[in-house]
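S.K.: Listed below are the residues making up each chain.
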Amino acid sequence: MSKSLQELEDIAKRVRRDIVQMTGAAKSGHPGGSLSAVELIVELYFDYMHIDPQNPKWPDRDRFILSKGHAAPVLYSVMAEAGFTPKDQLNTLRKLGSIYQGHPDIRFIPSLEASTGSLGGGVSLALGMGLAARLDGRQFRTYVMLGDGEIQEGQVWEGAMFGSYHKVDNVVAIVDYNGIQLDGFVKDIMEVAPLADKWRSFGWHTLEIDGHDLAAVRKAYAEAEATKGKPTAIVAHTIKGKGVSFMENNPKFHGVAPTPAEVELALKELQ
Amino acid sequence: MAIKTKFELKPGPATREAFGRVLVELGRENRDIVVCDADLSKSTMTTYFAKEFPDRFISCGIAEANMVGIAAGLAYAGKIPFASSFSAFVVNKGFEQMRVAIAYPNVNVKIVGTHSGISIGEDGPSQMSVEETSLACSLPGFIVIAPADESSTKALIRQAAAHVGPVFVRTGRVKAPIVYNGGQTFEIGKAVEVIEGSDVTVIANGLLVAEAIRAAEALDAEGISVRVLDMHTVKPLDSEAIRRAAVETGAIVVAEEHLVDGGLGVRVAQSVVEQAPVPMEFVGIQNTYAESGQPEELLEKYGLVARDVIAATRKVLARKK
Numbered sequence: 001m002s003k004s005l006q007e008l009e010d011i012a013k014r015v016r017r018d019i020v021q022m023t024g025a026a027k028s029g030h031p032g033g034s035l036s037a038v039e040l041i042v043e044l045y046f047d048y049m050h051i052d053p054q055n056p057k058w059p060d061r062d063r064f065i066l067s068k069g070h071a072a073p074v075l076y077s078v079m080a081e082a083g084f085t086p087k088d089q090l091n092t093l094r095k096l097g098s099i100y101q102g103h104p105d106i107r108f109i110p111s112l113e114a115s116t117g118s119l120g121g122g123v124s125l126a127l128g129m130g131l132a133a134r135l136d137g138r139q140f141r142t143y144v145m146l147g148d149g150e151i152q153e154g155q156v157w158e159g160a161m162f163g164s165y166h167k168v169d170n171v172v173a174i175v176d177y178n179g180i181q182l183d184g185f186v187k188d189i190m191e192v193a194p195l196a197d198k199w200r201s202f203g204w205h206t207l208e209i210d211g212h213d214l215a216a217v218r219k220a221y222a223e224a225e226a227t228k229g230k231p232t233a234i235v236a237h238t239i240k241g242k243g244v245s246f247m248e249n250n251p252k253f254h255g256v257a258p259t260p261a262e263v264e265l266a267l268k269e270l271q
Numbered sequence: 272m273a274i275k276t277k278f279e280l281k282p283g284p285a286t287r288e289a290f291g292r293v294l295v296e297l298g299r300e301n302r303d304i305v306v307c308d309a310d311l312s313k314s315t316m317t318t319y320f321a322k323e324f325p326d327r328f329i330s331c332g333i334a335e336a337n338m339v340g341i342a343a344g345l346a347y348a349g350k351i352p353f354a355s356s357f358s359a360f361v362v363n364k365g366f367e368q369m370r371v372a373i374a375y376p377n378v379n380v381k382i383v384g385t386h387s388g389i390s391i392g393e394d395g396p397s398q399m400s401v402e403e404t405s406l407a408c409s410l411p412g413f414i415v416i417a418p419a420d421e422s423s424t425k426a427l428i429r430q431a432a433a434h435v436g437p438v439f440v441r442t443g444r445v446k447a448p449i450v451y452n453g454g455q456t457f458e459i460g461k462a463v464e465v466i467e468g469s470d471v472t473v474i475a476n477g478l479l480v481a482e483a484i485r486a487a488e489a490l491d492a493e494g495i496s497v498r499v500l501d502m503h504t505v506k507p508l509d510s511e512a513i514r515r516a517a518v519e520t521g522a523i524v525v526a527e528e529h530l531v532d533g534g535l536g537v538r539v540a541q542s543v544v545e546q547a548p549v550p551m552e553f554v555g556i557q558n559t560y561a562e563s564g565q566p567e568e569l570l571e572k573y574g575l576v577a578r579d580v581i582a583a584t585r586k587v588l589a590r591k592k
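Protein chains in written order, with my numbering: chain Z, 1 to 271; chain P, 272 to 592.
Fair warning: there could be bad hints in the mix.
Said to hold, decoys possible - Pair ranges (Cβ atoms, derived):
| # | chain 1 | residue 1 | chain 2 | residue 2 | range |
| --- | --- | --- | --- | --- | --- |
| 1 | P | A433 | Z | G137 | 17 to 27 Å |
| 2 | Z | Q6 | P | G412 | 42 to 52 Å |
| 3 | P | R302 | Z | G83 | 29 to 39 Å |
| 4 | P | K313 | Z | K95 | 31 to 41 Å |
| 5 | Z | Q89 | P | N558 | 49 to 59 Å |
| 6 | Z | G229 | P | R302 | 22 to 32 Å |
| 7 | Z | L5 | P | R302 | 37 to 47 Å |
| 8 | Z | E264 | P | D532 | 46 to 56 Å |
| 9 | Z | D188 | P | R514 | 52 to 62 Å |
As the list claims (entries may be wrong) - With a Cα cut of at most 25 Å, we get these calculated BS3-like pairs of lysine-lysine:
| # | chain 1 | residue 1 | chain 2 | residue 2 |
| --- | --- | --- | --- | --- |
| 10 | Z | K167 | Z | K228 |
| 11 | Z | K3 | Z | K219 |
| 12 | Z | K252 | Z | K268 |
| 13 | P | K364 | Z | K198 |
| 14 | Z | K219 | Z | K230 |
| 15 | Z | K167 | P | K322 |
The hints are simulated quantities; they were obtained by calculation from the structure and are not laboratory data. We put the CB at the ideal spot given by N, CA and C, even for glycine.
Based on the sequences and whatever the hints tell you, model everything.
M.R.: In structure tokens, the structure reads:
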């Protein structure tokens with residue numbers, strides 16, 4: 001599915017527009033942490049991962065788990081854009097009967113890799129999938145995206161210990177380090193810094209990148225793939241609400257949807 | 272109607288031992304069987320599997336939440352994982368993961384808790400699991416099984432492996448009296464009529480099946496005909512066997528090595544109330560935590576032996592009619 005940088009940037013912009021419109025239409029949801037993760041996920045689905053929307057359960061496909069499940073809008077937009085799910089239903093997000101549930105739900109979208117939403121669980125799932133790949137001699141890789149607030153959950157670190165001990169080098173953890181969680185700035189709720197040092201000390205090959213720089217994101221995924229004997233953690237520095245001036249670095253937009261007027265304003269900025 | 276066969280109830284292997292043994296057989300038959308354990312393999316007896324299949328034995332360390340998540344990830348990718356620890360740890364510390372990573376997406380993971388109930392003995396209440404059946408039954412889609420002895424454990428673990436979907440199996444630490452001497456078949460969701468009877472029914476599982484048999488034999492000598500059902504599957508219940516017990520015997524006692532709150536008893540009671548209300552009594556742990564002691568002493572002190580089943584049976588018979 002390899003695409004040029006310009007094409008990826010265009011897709012990223014369309015995804016941002018979707019996120020604003022979907023959460024606006026739903027009148028609830030999590031736009032901020034969806035907007036911060038756009039490049040990280042777009043690069044996977046449109047460039048790096050081996051996937052086939054026509055054959056979503058292909059056993060050798062690469063896998064992506066959105067452990068920070070509240071950022072569902074970004075994943076839904078990307079999956080629809082990639083052809084896994086219908087684009088024309090995106091604005092049914094969070095409505096009764098919609099396949100686009102509040103948090104990713106594999107019962108409604110079988111091409112998801114896991115149901116998520118309770119924070120802290122995704123690393124374990126990814127490592128289980130990574131072990132299964134190794135047991136079966138398959139080459140697929142598993143990517144799991146975590147929020148920076150999410151890593152306050154202890155299970156993440158149980159998984160981190162497990163991943164390096166078992167040398168699950170086909171798993172990549174991506175931390176969307178946007179510095180904001182529901183109640184405010186991460187540093188004011190429960191500081192997680194020094195974040196890269198934490199992953200390093202748990203035995204993961206650890207990279208720090210600008211999570212909005214598509215070239216840097218691609219390079220990081222390639223470095224992760226080249227790293228043998230240990231899993232990789234990518235600490236991606238991002239901006240919560242990225243791309244919409246009044247949402248950027250604004251804790252309010254962690255879990256509050258834009259009003260119709262705000263949607264209009266945001267879409268103008270995302271021309 | 273006198274009891275036809277005398278039960279010897281000889282001491283047999285613990286149900287955890289039977290679990291560990293059958294797991295090796297399953298491992299030989301199916302390469303997709305994998306086992307996760309949280310630093311208790313020598314107690315849960317998954318050590319047998321670990322020795323024969325080191326590549327398929329996944330040591331998770333003392334981290335049950337992650338272990339349950341790892342098992343879910345393995346299952347998502349097509350494996351048939353058995354995740355095992357003491358019931359007190361795997362269910363309580365892994366409950367959120369049993370809920371969100373297994374039950375909600377309906378993932379094919381088998382959780383086997385060992386050292387269930389108070390009969391684990393000297394280690395005391397922090398290690399004793401008396402709530403896990405209630406917790407596991409609360410999860411939509413989970414099958415919950417509490418086998419009585421060696422052969423039923425082996426058969427039901429096999430059925431758990433063959434079933435596609437979440438299963439919790441409750442096993443124990445101590446030697447389990449042999450209830451079945453071969454020839455008996457077991458099916459998830461199908462109670463076994465261990466003793467025929469017409470005056471009253473005792474529905475039991477786990478170690479209490481043997482106690483129910485002892486109680487039935489004692490009462491038989493007095494001319495009271497007690498039906499004994501081994502309700503090894505707590506969820507889904509064998510509602511037809513329960514209906515027949517209610518209609519044909521008119522009184523029911525439920526006996527289990529679990530808190531009475533949320534266990535087999537309340538589930539059977541719900542089924543009875545829905546189908547054919549009759550007087551019921553409950554033998555189980557009453558709103559308390561136990562203590563250290565020898566298993567037999569504890570079962571006696573906390574009201575989980577044949578004497579208690581007999582007392583409950585007399586009480587329910589007095590209420591009958």
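S.K.: Among all the numbered hints in the text so far, which are the ones the structure does not match?
M.R.: 4
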